[in-house]
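Q: If you want the building blocks of each chain, they are given just below.
Number of protein chains: 4
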Amino acid sequence: MIVIMKADATRGQVVNVTARIEQMGCQAHISEGQERTIIGIVGNGRPLDREQLERLDGVDRAVPVLRPFKLSSRDFHPQDTVVPINGIDVGGKRLLIMAGPCAVEDEAQILEAARAVRDAGAHMLRGGAFKPRSSPYSFQGLGEEGLKLLALARQETGLPVVTEVIAPEQVSLVAAYADVLQIGARNMQNYALLHAVGESQRPVLLKRGMMSTVEELLMSAEYILSHGNDRIILCERGIRTFEKYTRNTLDINAVPLLKQLTHLPVIVDPSHATGKWELVSATSLAAVAAGADGLIIEVHPHPEQAMSDGAQSLKPEVFRRLLGQVRAVAQAVGREL
Amino acid sequence: MIVIMKADATRGQVVNVTARIEQMGCQAHISEGQERTIIGIVGNGRPLDREQLERLDGVDRAVPVLRPFKLSSRDFHPQDTVVPINGIDVGGKRLLIMAGPCAVEDEAQILEAARAVRDAGAHMLRGGAFKPRSSPYSFQGLGEEGLKLLALARQETGLPVVTEVIAPEQVSLVAAYADVLQIGARNMQNYALLHAVGESQRPVLLKRGMMSTVEELLMSAEYILSHGNDRIILCERGIRTFEKYTRNTLDINAVPLLKQLTHLPVIVDPSHATGKWELVSATSLAAVAAGADGLIIEVHPHPEQAMSDGAQSLKPEVFRRLLGQVRAVAQAVGREL
Amino acid sequence: MIVIMKADATRGQVVNVTARIEQMGCQAHISEGQERTIIGIVGNGRPLDREQLERLDGVDRAVPVLRPFKLSSRDFHPQDTVVPINGIDVGGKRLLIMAGPCAVEDEAQILEAARAVRDAGAHMLRGGAFKPRSSPYSFQGLGEEGLKLLALARQETGLPVVTEVIAPEQVSLVAAYADVLQIGARNMQNYALLHAVGESQRPVLLKRGMMSTVEELLMSAEYILSHGNDRIILCERGIRTFEKYTRNTLDINAVPLLKQLTHLPVIVDPSHATGKWELVSATSLAAVAAGADGLIIEVHPHPEQAMSDGAQSLKPEVFRRLLGQVRAVAQAVGREL
Amino acid sequence: MIVIMKADATRGQVVNVTARIEQMGCQAHISEGQERTIIGIVGNGRPLDREQLERLDGVDRAVPVLRPFKLSSRDFHPQDTVVPINGIDVGGKRLLIMAGPCAVEDEAQILEAARAVRDAGAHMLRGGAFKPRSSPYSFQGLGEEGLKLLALARQETGLPVVTEVIAPEQVSLVAAYADVLQIGARNMQNYALLHAVGESQRPVLLKRGMMSTVEELLMSAEYILSHGNDRIILCERGIRTFEKYTRNTLDINAVPLLKQLTHLPVIVDPSHATGKWELVSATSLAAVAAGADGLIIEVHPHPEQAMSDGAQSLKPEVFRRLLGQVRAVAQAVGREL
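Residue numbers (the numbering used here), protein chains in the order written: chain A, 1 to 337; chain B, 1 to 337; chain C, 1 to 337; chain D, 1 to 337.
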């Protein structure tokens, strides 16, 4: 941490800040510039509280030197983490493709969807049983019945299953049926839930909040990692901006940025990031070209009858064509499907 | 709902959309413009799924006619809802002032803070026992011990207590100690939690998410109202924007907008909305002038030693001076403290 | 400027950065922390280029110590600047009220509007002759004819006139008719225009860009100040955010923040900041309570016939009532109308 | 346009709105729903003023049926527009690569840069002579001297030149030296400038404002098109969001969205969109995979000495490697370099 004093800070204020730093068990290095005094802090290994320092008289700002995330940081863990799922080392050379409907609606729908995405080349089935919806009047998912149908679809198709968990007390229930636990965008900072999936030791798909920074995403991963669970796949799914023609704005910068900052694998959800099926193919290819380790795509056998997210779901034949293009782009950037 | 067809939509596509609308149990009114065909839908009382309609061939967009919130809407419930707390009808003429530290730290701190805010004129004590923090390495609150200290402070000062609840299974525990349950900004769309506080039948302080629209805030209130619990106080606490000199941007527009859209009382949290104590007084007065029904302000006896949010906490003497100014502005707009 | 080296920076890279700093005519102070090396720069009075430093090998980030604005800074010029207009010292105790229609439409309209706002208590007439419109198909203003009508209205009512100038070559034309030159939000970073109004030595109303930071607003003021023209009134007029129920989001935090950072007066435009006339009164009062030095409000004698911005324009009788409330709030915070 | 009346609108208010619509020369179609009355407007070919309608008593909202852009719309002009530049039909199968330094600094720099980007495979040289900078203390470009150096570099390398024009009165000067006129992000809504480049009949590179929606970008193109100049290349260059680790957020969704909405070619500027050279390669590939018609990339022979934007400039050898990867991704999506 570096403390920048105000232009009119007094000698006494500098002494007081220095005393406070030493009281925290750290060392203070004062350097007096032409206009401002700067105090560098050499720490003792424990995190420093920036706000306490900023409240001291005469202090203009405190600037952190270190990033606040550790276990998820590439500085801390330089080599890529790979998360093995269904024979694919996620984060390795081969891309992971998850696909399926937004929500499990009934047996026929999920089985038809599962077969369609498997036949098209997906490695994993997605489908929501517990649906966080902004309206209490919208379809909230089938709950445990949905989990059972997902398990049935897995049995029929051999595809492992990823599904969302929305409350800490449901983690063990969902983990009994699902291969990967999804933390949705709205729950990225639901810390009780992050602790619970950390403890579960199951692979976790952690979606970025729609208005969360990349740093906050890594801090949330930190909660899971702090339980010794490093089987985490990060997911960029679009952020909220002022642009209104699309549901969200896919932050494609975040893909290479995350690959630089962290060792965890990173996939992209182009369905939520655009909200329009017509934009899903182009952005899927962009994600792969940018270095994503995989994709999670909404596919519905009959999108015009979908109980949620129909507007952003691909029909199976469009999805199949897309995977052909994904394969070509993957090869162009040294990856494979 | 109104369906706007694409410019090149065919006659058959219009027929198909009409058929689908009737299949939903509604009536379709077609009107053919010079360039586009528009289909108005007369509903059957149940919500329509916009996305299903937008997925039909030839459809450009579907535009909702009605707002998606009902129980919280002023159309539905024209007169103001008042929530009685400690002899104040929140949402009536008199303003509610909640104040106290960000977090309960120890007995001495919370008692000192409680006495200070009571003496300055606050009606209610705030203080966090369970703290959602973006970093797992930050102070997470004292938990149940913090709740006990809040109860002790209430006993000592007579001030009722508002404190945050962060997981559904904690609701009954927190409700055993607190007078008002706070849903924090990060949990505004934690629907399991909203259901739980709805069932509790306790007064709820519902903070707007930093990434949430006013409409989404009202939809979250709708979750609580759907359990018959209408003792809800809404709280504007700043939204996330591109501006970096302040922690958040206080959306002052939201105060009169909410008063127009809903019958629920609306208060403002200038501490989180600015993140800087120097800006808290000016924005508190702005909130009252704009029609807010109250304020929730962070006050700490020793902000420079606070374990969280020190930079945005007022010292007791500043808070006391502020309440004098609040009183004057309140009178100027026909309210009282 | 402080340079923070990467965790794995080599000794040679530190030496190289130091050499580069000295080559820039500055001094480098190295301090080696546990995990990172920090290099403080003591400058030579000239601005340093952060990006050059960030491009050097081994550098993680460079952190500026000083704010980039100088002439507009309160550090540089501690006492308030007052801009005298029509007998009011803008930035002093008395508030400045500018009002009038979005655009000058014809003689009858502008005369009716001017008389109405004068009678209600406004000090100055606003009205656009050159209108920057996002669509080339929208009304673009009457041009010089509009300026003449403004001059006529001034003659009839005694109100000085503020109107927008949108191109450098128009500055002298507009200055021939107007008392205050307005730089609109879309032109806040039109530097050729800022230079031109700087040279004009006329009072300038500088509106914040809808997606500009407070720092960028002050940098734009700096362009005008660099020509020795300090007759600048800053205007907060709402920023663009994700919220869709209002046209913009009034950044009320910016009012006390600007008063802290700069010596220039600050007024608020609640009409553009909300886009809805129903929200204009509440936000006007909020602006005054927060410490604004004045208001600029759209008032149209017949808003439902206005050629632009009808939805956000007040009717004269509403405006008159509002000024009564403004007076009360102004007194409550030690100001006067 | 569709007018949605308030829930409590009276019969008289509906009649009044209808009368007003007919007075505008249009026809009104009333349809009464269960809760609201909807009035559809069949127009007369001229644009309707939404705000006038929204100001009428009893009106809740007016919803436009048609997009506000026409000449730039794909509905109006279904086939792709191609802009021929240096033997490349921009908007056709082959990608356009523009590259060069942010600013022209001196003869040696621009010649070295021009040769390097030509040798690496670029088709066009970029370089700023007039630089809009947020600070008046930053390097503002060499002005006409810079234009002459660009012309010299063109003569030496055969590369056509794109450079920014920042004021209407400079258009003819810049057009005397440059092959393509660039409208920078800060000037996207500088309408006087848009008119001037429209009249010039020269090819225009129109960059999206950092605060502008896709619709606003197309409205700005409309200004240029309204002068009969359709040689417009649109450029996505990143938008401003809350994310702070990158300078801007590349809105990759905008690429396929624009290709759907308009017939004009679309290129991407990954340098400004990220602000960090380490992220430029990945996002360049993403842009091509998403369907961009070209790239504009900052390349500087010695980025650590660049007078602006050093942090986001590629070294020539990195740029050369990148073009090899671009070629591979282009082929994977059916394009060529």
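What the hints contain is simulated information worked out from the structure, not anything from laboratory work. Because the structure is a prediction, the values reported are computed rather than measured. Don't be surprised by glycine CBs; every beta carbon is placed ideally from N, CA and C. One thing to keep in mind: the hints can contain errors.
Cβ pair distances, simulated, as ranges [said to hold, decoys possible]: (1) Gly-158(B) <-> Ile-30(C): 42 to 48 Å; (2) Asp-57(D) <-> Gly-324(C): 22 to 28 Å; (3) Tyr-137(D) <-> Glu-32(A): 21 to 27 Å; (4) Gly-12(D) <-> Glu-32(B): 26 to 32 Å; (5) Lys-93(B) <-> Gln-331(C): 19 to 25 Å; (6) Gly-228(A) <-> Gly-158(B): 33 to 39 Å; (7) Leu-152(C) <-> Glu-32(B): 54 to 60 Å; (8) Arg-61(D) <-> Glu-169(C): 22 to 28 Å; (9) Glu-169(C) <-> Glu-35(B): 37 to 43 Å.
Q: Does each hint fit the structure? Answer for all of them.
A: Now for the hints, and whether the structure bears them out:
no., hint, verdict
1, Gly-158(B) <-> Ile-30(C): 42 to 48 Å, "violated (58 Å)"
2, Asp-57(D) <-> Gly-324(C): 22 to 28 Å, "holds (24 Å)"
3, Tyr-137(D) <-> Glu-32(A): 21 to 27 Å, "holds (24 Å)"
4, Gly-12(D) <-> Glu-32(B): 26 to 32 Å, "holds (28 Å)"
5, Lys-93(B) <-> Gln-331(C): 19 to 25 Å, "holds (20 Å)"
6, Gly-228(A) <-> Gly-158(B): 33 to 39 Å, "violated (47 Å)"
7, Leu-152(C) <-> Glu-32(B): 54 to 60 Å, "violated (48 Å)"
8, Arg-61(D) <-> Glu-169(C): 22 to 28 Å, "violated (40 Å)"
9, Glu-169(C) <-> Glu-35(B): 37 to 43 Å, "holds (39 Å)"
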